[in-house]
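Chains A and B are the protein sequences, given in the same order. Take the first sequence: its letter number 136 is residue 136 in the numbering used here, and every next letter is one higher. Heads up, the numbering used here is the position in the second sequence plus 144, with the first residue counted as 1.
Read the hints as simulated data drawn from the structure, not as lab findings. Just so it is clear, the structure is predicted and the values come from calculations on it, not from any experiment. Using N, Cα and C, we set each Cβ at its ideal position, and we do this for glycine too. Some hints could be false.
Quick list of the computed label-pair ranges, beta carbon to beta carbon [stated by the list, open to error]:
| no. | chain 1 | residue 1 | chain 2 | residue 2 | range |
| --- | --- | --- | --- | --- | --- |
| 1 | B | E522 | A | D42 | 14 to 24 Å |
| 2 | A | E20 | B | E423 | 45 to 55 Å |
| 3 | B | S471 | A | V22 | 25 to 35 Å |
Single-letter residue listing:
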Amino acid sequence: MKRIRQISVFIENRPGRLLEVVELLGSKGINLKALSLADSSDFGIARLITNNTDEAVRILKESGFTVSVTNTLACLIEDKPGSLARILRLLANENINVEYMYGFASPIAGRAVMVFKLSDLEKAQEMFNKNGVELLSQEEIREI
Amino acid sequence: MIYADEIETMPREALEALQLKRLKNTLERVYNLVDFYRKKLDEAGVKPDDVKSLDDLKRLPFTTKQDLRDNYPFGLFTLPLEQVVRVHASSGTTGKPTVVGYSRRDIDIWSELMARSFAAAGVTKGDIIQNAYGYGLFTGGLGAHYGGEKLGATVIPISGGNTKKQIMIMKDLGSTVLTATPSYTLYLAEVIRDMGIEKDELRLRVGILGAEPWSEEMRKMIEEKLGIDAIDIYGLSEILGPGVAIECREAKHGLHIWEDAFIPEIIDPDTGEVLEDGEEGELVITTIQKDAMPLIRYRTRDITRIIREPCVCGRTHRRIERIKGRSDDMLIIRGVNIFPSQIESLLMETEGVEPHYQLIVDRVNNLDTLEVKVEVSEKIFSDEIKHLQNLQRQIEKDIKDLFGISVKVTLAEPKSLQRFEGKAKRVIDKRKL
């Protein structure tokens, strides 16, 4: 199962609050692999993928943050026009809804990583496998 | 258990006769001993002798908080200081504090009323009372302390604050009764959970909570979190301190006001007209057992109603309903009257909201605004914005449905709102700044 465990943190929209999260994790030797920030007018949710999920969750909770862990899929895609569209089409064909997604460039030459929260993870994974879409495991993310 | 059976279950007729006798004595004393009352009664054209029935009480003038301030510090005392053994004072957040004095007999009566209150809540001399009301000028600490001792229970005079030590003592000494404000009790429950202590490791079984208005929903939450019976107690320093009225454990509905020591009335706060039992208005209390500083028709500013119906516990003293709020705490937002306790009830019924909240009132472009800050609990935290926004919208809609005004709901991080060791201050009114 190539699930990526993503950490979500509730943060109030005020200057320096995201910095506190990032600094806290940095000071405890947690490496951030990906980060995306979703926000409304007065609060936000920081979504993080780190090299050590359990430890990061423990550290954040200890400091009083509200945290949850969500399963996501991380697809490795070609860094060229049209490759994301291909993935999204596969999902649409299977009637799988994208709840949110974010991407980051990877150090693997010519490739990017897209992280997906999907309505049906199981089905999506099966479908990606069938169509030769490469998924990263938690270990592989840790290595990059 | 009924502590003073004869007096607590006295037939109403006898009780009212006792009230009249004591009222007349009190009036006689204040008229002869206190300039303020003599002047006021003369102005109203009433002599103590004119009071021939309890119904005549309504002919007497009111006493207000301002009168206490005007006569600061000892102007309303009926006794020389040689006979006054203690003073307490209100917090005085808005100006001079108000000072109250007690004779030796006042302290004894207070202790007795407080012992009765403990007993009504189901406390016995075998109990260990952890008294987390503040000791000092505030009447809560010493009032509960003397009452607990009078009952014969073991009192731990720990006062408020120092929360972790408080919990260690609660666990190690096996405290069975907690006396504290409801807001501090909630905070204690939160820290108990954070320390990883399960409620069955504690022997706590009763909480006697008061000194601030709270809601029925808050009671349920406290009872569930700590596994205790939470009992509402009422008092105010001007009148006595804690032990003016308390719920009985049997009914947990309405607080028996000790009528052999106090005469309660409900008035229309605008006209001063006395209302029938059952109607909501401002509670007015006349003390009929106090020596050092009796008060005649003191306007408490607390909003409630009197319940006349007999109670299952057998006590004949009438009950007052859980205080809705103090009239000074009432918020007027765009012409709508709102008590913080009403918003509290609504929040406590909302799934996933922690029992900590703050109300921020402001005036923007000549329009009152109300912001309700609530903490989001881990239970309902979702990593999707829309779920949290739905929660915000739901609370905004509930408030709109209830009061007809639009408010802004802001979600706050857990434990980010202030916690209280004594009386909670949950309203920030920027309009007054």
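Hint check results:
The hint said 14 to 24 Å for the Cβ distance between E522 of chain B and D42 of chain A, and at roughly 19 Å that hint holds. Range check, E20 of chain A to E423 of chain B: Cβ separation about 53 Å, and the 45 to 55 Å hint holds. Range check, S471 of chain B to V22 of chain A: about 49 Å between beta-carbon atoms, so the 25 to 35 Å window is missed.
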